[in-house]
Amino acid sequence: MIQQQFPSQLLERAVQEFAKLPGIGRKTALRLVLHLLRREPDEVAQFADAIGRLKQEVRYCHVCHNISDSDTCPICSDPRRDSHTICVVENIQDVMAVENTQQYHGLYHVLGGVISPMDGIGPTDLEIESLVQRVSGGDVREVILALSPTMEGDTTNFYIFRKLAPFTDVKLSIIARGISVGNELEYTDEVTLGRSILNRTPFEGK
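Going by my numbering, the first residue of the sequence shown is number 8, and it counts up by one from there.
No lab work stands behind these hints, which were simulated from the structure alone.
Treat each hint with caution, since some may be false.
Only pairs whose alpha carbons sit at most 20 angstroms apart, straight line, appear in this in silico SDA-like list of lysine to any residue [stated by the list, open to error]:
#1 Lys170 <-> Leu205
#2 Lys178 <-> Glu149
#3 Lys178 <-> Asp89
#4 Lys178 <-> Ile204
Label pairs and their in silico Cβ distance ranges [said to hold, decoys possible]:
#5 Ser77 <-> Pro14: 26 to 32 angstroms
#6 Asp146 <-> Arg33: 22 to 28 angstroms
#7 Lys170 <-> Leu43: 45 to 51 angstroms
#8 Arg33 <-> Arg148: 50 to 56 angstroms
#9 Lys178 <-> Gly32: 45 to 51 angstroms
#10 Met125 <-> Arg38: 30 to 36 angstroms
#11 Asp76 <-> Gln109: 20 to 26 angstroms
#12 Ala183 <-> Pro14: 19 to 25 angstroms
Keep in mind the model is a prediction, meaning the values are calculated, not measured.
The C-beta atom is built at its ideal place from N, Cα and C for all residues, glycine as well.
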């Protein structure tokens, strides 16, 4: 396949950078770059500033590891949330998915992934120990495992179950399997996900 020749090295470089984004091929990257070229300079400057500030200033909540503008995210700092319940999710997108259901009012814990030996991701690469530390504080009464129903998600569920087993006074539950096995949580419709949260069942470690 003959690679497309660009009339400008600056154009080519911009296309190369956009093409590094997930799901963006060179043709789509070219369309995005040409779109930016047609915009007013101040609009492009705002776009570049937003991306630059995102990388430089975004923080991760020191409690739940969700993305935040401050050391503590708005969810963890909200006194109206149920601080006795923690919903364990894989990533930030899953926090947004559960929040959109408007069926959950507790706190979160973002693992930053799931255990996947094939991808070289082990328990120490995830925020599992910090979850154990939160539970050991004594204020948590229930931990909801809301990981995607995949082999990797189930493996991570079982690992967390073993780590939290010593805390016998903490209820460990898993979202109801109204979600199809193998589906990613963030792509599940809000009604199904909301019902899965409400109809969660005790996790038995099987």
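The hints, checked one at a time:
| no. | hint | verdict |
| --- | --- | --- |
| 1 | Lys170 <-> Leu205 | 24 angstroms, violated |
| 2 | Lys178 <-> Glu149 | 4 angstroms, holds |
| 3 | Lys178 <-> Asp89 | 15 angstroms, holds |
| 4 | Lys178 <-> Ile204 | 15 angstroms, holds |
| 5 | Ser77 <-> Pro14: 26 to 32 angstroms | 45 angstroms, violated |
| 6 | Asp146 <-> Arg33: 22 to 28 angstroms | 51 angstroms, violated |
| 7 | Lys170 <-> Leu43: 45 to 51 angstroms | 47 angstroms, holds |
| 8 | Arg33 <-> Arg148: 50 to 56 angstroms | 52 angstroms, holds |
| 9 | Lys178 <-> Gly32: 45 to 51 angstroms | 47 angstroms, holds |
| 10 | Met125 <-> Arg38: 30 to 36 angstroms | 34 angstroms, holds |
| 11 | Asp76 <-> Gln109: 20 to 26 angstroms | 23 angstroms, holds |
| 12 | Ala183 <-> Pro14: 19 to 25 angstroms | 56 angstroms, violated |
Checked against the numbered hints given earlier, the structure breaks hints 1, 5, 6 and 12 and satisfies all the rest.
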